[in-house]
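Q: Listed below are the residues making up each chain.
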Amino acid sequence: MVKTKILVIEDDISISELICMNLEAAGYETVAIRDGLEAEAFLQGCAENEFALALADVMLPGKDGFALMEDLQKRKIPVIYLTAKDDVISKVHGLKAGAEDYIVKPFEVLELLVRIEKVLKRTGRSRQKIQIRDVVIDLKEHSVSKAGEKVALKPLEYELLVTLASSKNVAFSREELLNQIWGCDYMGETRTVDVHIGQLRKKLDFYDVIRTISKTGYRLEDLS
Amino acid sequence: MKLWKKLSLVTVLVMLGAMAASGLAVIYYEKQYNQEKTVENYEQQLKFTSYSLRKELEEGIQAGYNEITMNSYVDFVMRRLEGDQYILVKNNQVIFNRTPYDLAKPEDERWGGEEPHSIILKRENDYYLITGKKIMMAGNDEYKLVLIQDISLLYEGLRQQAIYSLIIYFCATIISVILIFLITRRILKPLRELQSAALDISGGNLKRRAAVRTRDEIGSVAKAFNAMADQIENQVTELEQESERRKQLLGSLTHELKTPMTSIIGYSDTLLHVNLKGEQKQLALYHIKEECSRLGRLGSKLMSLMGLYDNDSICMENVSMQELFEQTAQIEKHPLNNRGIKLEYVCAMGNRRVDRDLLESLLINLIDNSAKASREGDTIYLIGEGNRILVKDQGCGIPEEEINRVTEAFYMVDKARSRKEGGCGLGLALCSKIATLHGAKLLIESKVGEGTQISVIFEEDGDGKGVYS
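Top line first, the protein sequences correspond to chains A and B. If you're matching positions, the first sequence starts at 9 in the working numbering and goes up one per residue. If you're matching positions, the second sequence starts at 581 in the working numbering and goes up one per residue.
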């Protein structure tokens, strides 16, 4: 299965590696570039629609992130700016220039992943299928099959599975899951989440895939 | 009450008082004088008449006139002497009176003196002068001559004069009051300008000055005031610049802190929440450690930079430059050897008064910077001569347009590279500060691709005494 490719343009090595590490764990493929001019040259040589998204730092050596917008748009790559500048003017400038989102450092991993997911959905670049071991989730048909056979899931169980699988290897707290799937005005108990997780584990035989992380919540683990 | 009103009022009151007193005095003395003169005149007249009368009466007595004849004779004589104002008293009986008045007491002794005696009587609105004397003559009969004269005209004149004086006095008063008010206002006008300038300045317009050019006391007050305003403006500007610098420093600091913080938070968050492969876990931990030590370095550099802002901790002593160079070379030997860079030093300087630790830290910072810019096999020169210390390298150099900015805190020419070398952009800011504390300047000369030469130039070439105490 072809992984979604994300371009990471960030000059600080440790942050660049941090982003790549998380994106890869969540099931994306990444290409990291650490210089504005290098990014420009790279974009000229890459095919349209090769990348589903670019995460770009604003302050880059060579050519800054705002200036790179044109090159990125030529290749039809949506951009999320990632920057330490948290003043309103920079934000407005970035968004007006055509950025899909603007994330201020320091950020949380889960937030970054969720925002990426949202942008991909909005720009119609979401993954069509997600495969975890022998289970395939068809996002288009809203169906789940295990070893070729369809598994009947309730809508909320399906949503829960998609949420966990979209950011696989990343832990979600029960509250976050409640928020995302049941909606923020759902006054239910976190027990509800546990019940649905139990159902998923049983139906998909995911006892060792969906792991309970102490003090945090649940994580769908798949390092393939 | 305003000062100009007070001053005007006081002046006006004093002036009016003085004018009134002098006017009254003048009128009083004039009255006295005129009265005395008049009295004297009439007394002279009385004396003269009495003398003439005596002659006539003696003639009459010698001629042996009887009483009736004598009376007629007296009447005749008096008429001849135009004695319309006289009353003649013989043995306390009025024997001649052509005046419109009666003598109430003919026996009054006041008119019996040898010298004339005068009184002034006031009856209703009229004043009368009554003066009388004895006629000195032989014989048993006693004659007294009394003159009665209406002198109201004299007082009428004085009254007129007083009225005129009063009118003039009032006119003069009104004119002088107006003049005094105007003049005082004008003299005190610079004070209002001074006040408005002070208000403007306290309102925040520090550029405002009092436009007072007079040469009096107000002028000198205004001069002093303007000097004070200059001083305040300078100090406020300085303070503003200083706070602006601190704000920028703080801004850069926050920005500098954000990058390592992003990494540390991100990696620890990842370790907590994300299922990582073994080697990735190691990488995450490595990055956390690296970023933490970067923060540590930043902290200690910043501490020394902040420490330099309070000058108490500086200890100036006589230091042998040769020794200092040797020490520095000793410290740098190992790290430079590791990079394959040579350090050569020449010291042609004697002793200087410096803070040993600070100057050593300055040299180490400069050499570290050079080392970061140098390639393997390059040589760094440390030269001390006259009043300057040079650190010269053959490294990559600094672009011309960046030279002025490299001493700013957190400024890095090549950010990515500097980071990799563990720099945090504070080294030259620190050096510049240390140099300033020693009364020295940093001179940076550089050519891209050829190398950089940084000189620490001390202000004088003595032993540094007095430059900083």
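For the record, the hints were derived by calculation from the structure and aren't laboratory data. Careful, some of the hints might be misleading.
To be verified - Taking beta-carbon pairs under 10 Å as the criterion, some of the chain B residues facing chain A (in silico):
1. A643
2. E647
3. I845
4. T850
5. N855
Please read these numbers as outputs of a predicted model, since none were measured by experiment. Yeah, the Cβ is synthetic: ideal placement off N, Cα and C, and Gly gets one too.
Q: Look at each hint and say if it fits the structure.
A: Structure-based check of each hint:
no.: 1; hint: A643; result: violated (142 Å)
no.: 2; hint: E647; result: violated (140 Å)
no.: 3; hint: I845; result: holds (5 Å)
no.: 4; hint: T850; result: holds (5 Å)
no.: 5; hint: N855; result: holds (4 Å)
Checked against the numbered hints above, the structure violates hints 1 and 2; every other hint is satisfied.
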